[in-house]
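Undergrad: If you read the sequences in order, they're chains A and B.
Just so it is clear: in the first sequence, position 195 is 195 by the working numbering, and no numbers are missing.
Just so it is clear: in the second sequence, position 246 is 246 by the working numbering, and no numbers are missing.
Take these hints with a grain of salt, some might be off.
Claimed, not checked - According to the in silico footprint, chain B covers these stretches of chain A (three or more CB under 8 angstroms from chain B):
| hint | stretch |
| --- | --- |
| 1 | 3-11 |
| 2 | 95-105 |
| 3 | 195-207 |
Claimed, not checked - Which chain B residues face chain A? A few, computed with CB under 7 angstroms, are given here:
| hint | residue |
| --- | --- |
| 4 | P173 |
| 5 | A176 |
| 6 | K199 |
| 7 | L201 |
| 8 | L207 |
To be verified - Below, in silico cross-link-like pairs of lysine to any residue (SDA-like), each with a Cα-Cα straight-line distance of 20 angstroms or less:
| hint | chain 1 | residue 1 | chain 2 | residue 2 |
| --- | --- | --- | --- | --- |
| 9 | A | K70 | B | L213 |
| 10 | B | K206 | A | E154 |
| 11 | A | K70 | B | N115 |
| 12 | B | K13 | A | K156 |
| 13 | B | K290 | A | E154 |
| 14 | B | K93 | B | N115 |
| 15 | A | K69 | B | D95 |
| 16 | A | K156 | B | L213 |
| 17 | B | K13 | A | K70 |
| 18 | B | K199 | A | D79 |
| 19 | B | K199 | A | K69 |
| 20 | A | K69 | B | F168 |
| 21 | B | K134 | B | F168 |
No lab work stands behind these hints, which were simulated from the structure alone.
Treat the numbers as computed from the prediction; the structure is a model and nothing was measured.
We put the CB at the ideal spot given by N, CA and C, even for glycine.
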Amino acid sequence: MIDFQNVSYTHLKGRGVTNLSFSIDDGEFVFLIGPTGSGKTTLMRLIYFDLLCDSGKVNVGNFNSDRIKKNQIPLARRDIGMVFQDYHLLNDRNVFHNVALPLHVIGCDASEISYRVEDALELVGFEGKRSHYPHELSGGEKQRVTLARAIVKEPKLILADEPTGNLDPVAAFELVQLLETINNEGTTILMASHNYNLIKGRGRRIIELKDGLMRGS
Amino acid sequence: MDKFLYLISEGLKNVWRHKMTTFTAVFSLFLALYFVGLLATAGENTKSILQYLRSKYKIEVFFKQNMDLKSAKKVSDSILEVKGVRSSTVINKEDAVRIFKDQFGEDIIGVLGYNPLPISAVVNLKRNSEEMLKVAPVVSQIKKMKGVQEVRYQGHLINKIERTYARFMQLFPGVAILFISVAVLVIYNTVKLSIFSRKELIDSLKLIGATKLFIQMPFIFEGLIDGILATLISIPLIIGTVSGANYMIDNFTSWNIELTVAPMLFIWLTLLSGIISVLGSYRAVSGIMK
Numbered sequence: 001m002i003d004f005q006n007v008s009y010t011h012l013k014g015r016g017v018t019n020l021s022f023s024i025d026d027g028e029f030v031f032l033i034g035p036t037g038s039g040k041t042t043l044m045r046l047i048y049f050d051l052l053c054d055s056g057k058v059n060v061g062n063f064n065s066d067r068i069k070k071n072q073i074p075l076a077r078r079d080i081g082m083v084f085q086d087y088h089l090l091n092d093r094n095v096f097h098n099v100a101l102p103l104h105v106i107g108c109d110a111s112e113i114s115y116r117v118e119d120a121l122e123l124v125g126f127e128g129k130r131s132h133y134p135h136e137l138s139g140g141e142k143q144r145v146t147l148a149r150a151i152v153k154e155p156k157l158i159l160a161d162e163p164t165g166n167l168d169p170v171a172a173f174e175l176v177q178l179l180e181t182i183n184n185e186g187t188t189i190l191m192a193s194h195n196y197n198l199i200k201g202r203g204r205r206i207i208e209l210k211d212g213l214m215r216g217s
Numbered sequence: 001m002d003k004f005l006y007l008i009s010e011g012l013k014n015v016w017r018h019k020m021t022t023f024t025a026v027f028s029l030f031l032a033l034y035f036v037g038l039l040a041t042a043g044e045n046t047k048s049i050l051q052y053l054r055s056k057y058k059i060e061v062f063f064k065q066n067m068d069l070k071s072a073k074k075v076s077d078s079i080l081e082v083k084g085v086r087s088s089t090v091i092n093k094e095d096a097v098r099i100f101k102d103q104f105g106e107d108i109i110g111v112l113g114y115n116p117l118p119i120s121a122v123v124n125l126k127r128n129s130e131e132m133l134k135v136a137p138v139v140s141q142i143k144k145m146k147g148v149q150e151v152r153y154q155g156h157l158i159n160k161i162e163r164t165y166a167r168f169m170q171l172f173p174g175v176a177i178l179f180i181s182v183a184v185l186v187i188y189n190t191v192k193l194s195i196f197s198r199k200e201l202i203d204s205l206k207l208i209g210a211t212k213l214f215i216q217m218p219f220i221f222e223g224l225i226d227g228i229l230a231t232l233i234s235i236p237l238i239i240g241t242v243s244g245a246n247y248m249i250d251n252f253t254s255w256n257i258e259l260t261v262a263p264m265l266f267i268w269l270t271l272l273s274g275i276i277s278v279l280g281s282y283r284a285v286s287g288i289m290k
């Protein structure tokens, strides 16, 4: 699913990632850990082609950082669901329309959108409140909606960048459980976190970053 | 088709979702269009005002006392051939007495015992010329004609009007370009600001794999709606302002002028606001997406 070959990227202001090589297989659940500034978000951005590496090669599904064209990037992202610490929900539309958005992007028709949104919301345990706006939801609820939006298009890969950062311990624990449930359906998951306590003992592979370098896998 | 309809409906919904932004954008667009519309109307009507004033220009030609009516008419025909002359009307001695009585209330024959007024001609000038009308050469040619005793005309006033018109026509294109440029900048930047305020939406759409066209379409459509709304508000206000000006002219001046608004103006204003809004939206979204 994901293959990094000697990947390096340096931001204009310095830092980034250096010489990363690793692979993540289809259906794997991998945690990415490391302190703030260790390169976790840079690595994620390289996966969804928001950044293109300075050297090395990133393969994600059928797309390759060497050959990908600008107009192919949206297509590559359609196979990826993303969950962020700060939710990235649109405040001007309700839960239903937030979750439906990726389906409009891929061109689903209205009837299909309706039941797929319902399914996604049910899967993440978000019942009712579908006409509520993001500002009317708690942090945990927002993150569930974000997760529903990520899975509604049935992506092959979910990238979760510090998704528990703004959640209380109970909500954070429930979110990781939800991700595991989704992974059991066959979706590859890469979750970045600096909360080691949350991920230890889950029997998942952990990639550790520090100062942009891979410390272990 | 579903996708296209969705994008159009998103454009419409955005107008409602972002009421304050829409209000600001439409108000700025309206102001720009209103002033451009008024300037265009002023330019359009200046010509008819000038034609009205030119219709009042009058050159009075007095013939020598001994000239008979037949000879006077011959000279009048020669006057008609002078470049810039529209009409020449001969006034015989009897008509001159009547006009004198109308103007001064005195019967000059009753006072003097004879008619001292000569045969004369009233000459009007062509009024449709785009160029500055020069009266002096016309007068000079008339003065040289046989039998002409004296030529009277409002030389100073005519020159002043013609000079003012010429200066106006000289400055108008520059002022129009300046106005339109300011309007274009206002419209463009208003649209741009309203889109930048929704950078978060664009970023989110990018992350979920939306194409450039998918992101741009609702904004372009929204810009078009803003432009049309602003035009719809500015049109009745331009008409109202011109009607107000006509009311003032009718009631507070002796001018017989009616200002008009060219229907084409509304098409131009719609096109101006529509095209600039669409281009502004397109460029602003492209800028954010880089």
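Undergrad: Hint by hint, note whether the structure agrees.
TA: Going down the list of hints, with the structure as the test:
no. : hint            : in the structure
1   : 3-11            : violated (count 0)
2   : 95-105          : holds (count 4)
3   : 195-207         : violated (count 0)
4   : P173            : violated (43 angstroms)
5   : A176            : violated (39 angstroms)
6   : K199            : violated (12 angstroms)
7   : L201            : holds (6 angstroms)
8   : L207            : holds (5 angstroms)
9   : K70/A - L213/B  : holds (13 angstroms)
10  : K206/B - E154/A : holds (18 angstroms)
11  : K70/A - N115/B  : violated (97 angstroms)
12  : K13/B - K156/A  : violated (32 angstroms)
13  : K290/B - E154/A : violated (28 angstroms)
14  : K93/B - N115/B  : holds (8 angstroms)
15  : K69/A - D95/B   : violated (92 angstroms)
16  : K156/A - L213/B : violated (24 angstroms)
17  : K13/B - K70/A   : violated (29 angstroms)
18  : K199/B - D79/A  : violated (23 angstroms)
19  : K199/B - K69/A  : violated (23 angstroms)
20  : K69/A - F168/B  : violated (56 angstroms)
21  : K134/B - F168/B : holds (17 angstroms)
Against the hints set out earlier in the document, violations occur for numbers 1, 3, 4, 5, 6, 11, 12, 13, 15, 16, 17, 18, 19 and 20.
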